[in-house]
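Protein sequences appear in the order of chains A and B. Going by the UniProt record's numbering, the first sequence opens with residue 1, and the numbers climb by one from there. Going by the UniProt record's numbering, the second sequence opens with residue 1, and the numbers climb by one from there.
None of these hints come from the bench; they were simulated from the model. Misleading hints may appear alongside valid ones.
As the list claims (entries may be wrong) - Pulled from the structure, derived: some chain A residues nowhere near chain B, Cβ distances all over 10 Å:
1) S50
2) P98
3) V127
4) R128
5) T132
6) A137
7) E157
8) E166
9) T175
10) E185
What the hints assert, rightly or not - To give a feel for the contact side, a few chain B residues facing chain A, derived at Cβ under 8 Å:
11) R128
12) P159
13) E162
A quick note: this is a predicted structure, and the numbers were derived from the prediction, not measured. Don't be surprised by glycine CBs; every beta carbon is placed ideally from N, CA and C.
The residues making up each chain are set out below.
There are 2 protein chains.
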Amino acid sequence: MTGRPPAAGGSGTTARRRGRPPRTESADTRDRILTAARDDFSEHGYEKTSVRGIAKTAGVDPALVHHYFGTKEQVFEAAITQSFGPALQAPKAIEEGPLDGVGERLARFFFGVWENPATRAPLLAVVRSAVTNETAAAVFRRIIATQVLRRIAVRLELPDAELRAELAAAQLVGTAVLRYVIKVEPLASADPEQIIARVAPVVQGHLTDP
Amino acid sequence: MTGRPPAAGGSGTTARRRGRPPRTESADTRDRILTAARDDFSEHGYEKTSVRGIAKTAGVDPALVHHYFGTKEQVFEAAITQSFGPALQAPKAIEEGPLDGVGERLARFFFGVWENPATRAPLLAVVRSAVTNETAAAVFRRIIATQVLRRIAVRLELPDAELRAELAAAQLVGTAVLRYVIKVEPLASADPEQIIARVAPVVQGHLTDP
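Pulled out of the complex, with its shape left as it was, chain A reads as follows (with noise of 0.2 Å):
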């Protein structure tokens, strides 16, 4: 937490460099303004959210948040960022433990965060703006491809590990979608362990298949 809001009347040369205010003051409203963003994308969608509309939601002015974080796009990304934390969490399941058994702990760890009511509304805003907007999907995709892909191809060591993850994820994104947005039964009430009981083989066949 090393923001710095803007001080009055400031002659910086960009937003993000003017004034310093009390530490643990700085990381709070760091924190409210991201709670805010998060809230206003889930509710309103990426297109409908304005830098405005979360600086009024987090009770601050809009030239805070550009401090903080920059553009809308930029908001965003951390925003999803910080909600997408759990989710990111991802390749640990498969860098911890055998690769025999990954596609279980995928499957689970998946389920396990998109049961989680607390993880699953974030998640759910962020699915909801990234298949509406295109800025939106581009962080997305930025996101996964940095943070998820590219350890999981690490650990697999074969040239096609990256598809092969995605192939994997499409298992999983396709279940929470039919699941969780779309509620389609019976697949919307099955018991998740039933779920991840018929997943997790597909997941570890396309992860680790010849």
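Following the hints, position chain B against chain A.
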């Protein structure tokens, strides 16, 4: 094509019962409204689309839209059913031919529809609307349940046929979301034949494995 637009000053009990124009003009108007609806839902999403806007795009009176289709939800359902027409042929891929080739037939059919730019655009619109709006999701659920799952279940003759069909669909839908909507690489640029080769056995497994 049996729609009947309202006659000026008609005194019928509902908008659906008033007057009757020449046959060909009526069919033509109905199609024009449906095309306008599809374009509007595609471009603006479910929430921002209105019956008034659709009427304007089609160059007709809003009363005509209500007359042919009813509420906005009903216009959406008609537009989805038309847009989704090719995808609704999926059960045929299951019904026609031996069960042990069903995974490849379904995968080939599915990616055939998505790879065709003419059918991809309306599918994208349906996915975007269903993911972001609850009413649109409900319409989508109803179509999937009545027009797709039931037919697949009849063909499979297994007690958990619908769950199997949904998990198979999840692999296909997830792959489409990552490839055509979010456009993650290398999946977005991969040869469709390579994708079909990897996805078909998964679809087959979900549907027919013991």
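These are the hints, each one checked on the structure:
No Cβ of chain B comes within 10 Å of the Cβ of S50/A; the nearest lies about 16 Å off, and the non-interface call holds. Listed as outside the interface, P98/A is consistent with that label: its C-beta sits roughly 22 Å from the nearest C-beta of chain B, beyond the 10 Å cut-off. Chain B draws V127/A into its interface by the beta-carbon criterion, the shortest separation being 7 Å against a cut-off of 10 Å. The claim that R128/A is not at the interface with chain B is violated, since a C-beta of that chain comes within 10 Å of its own (minimum 5 Å).
The beta carbon of T132/A sits about 5 Å from the closest Cβ of chain B, which is not more than 10 Å, so the claim that it is off the interface is violated. Listed as a non-interface residue, A137/A fails to keep its Cβ farther than 10 Å from every Cβ of chain B; the least gap is roughly 5 Å. The beta carbon of E157/A sits about 17 Å from the closest Cβ of chain B, which is more than 10 Å, so the claim that it is off the interface holds. Under the 10 Å C-beta cut-off, the non-interface status given to E166/A relative to chain B is violated; the minimum distance is some 4 Å.
For T175/A, the requirement that its beta carbon stay farther than 10 Å from each beta carbon of chain B is not met, with the minimum near 4 Å. For E185/A, the shortest C-beta to C-beta distance to chain B comes to about 7 Å, within the 10 Å cut-off, and the non-interface label is violated. Annotation: R128/B was flagged as interfacial toward chain A, and the flag holds, the nearest CB pair being 5 Å apart, inside 8 Å. Look at P159/B: its Cβ only gets to about 11 Å from chain A, farther than 8 Å, so that hint breaks.
The restraint placing E162/B at the interface with chain A holds, with a minimum CB-CB distance near 6 Å, inside the 8 Å limit.
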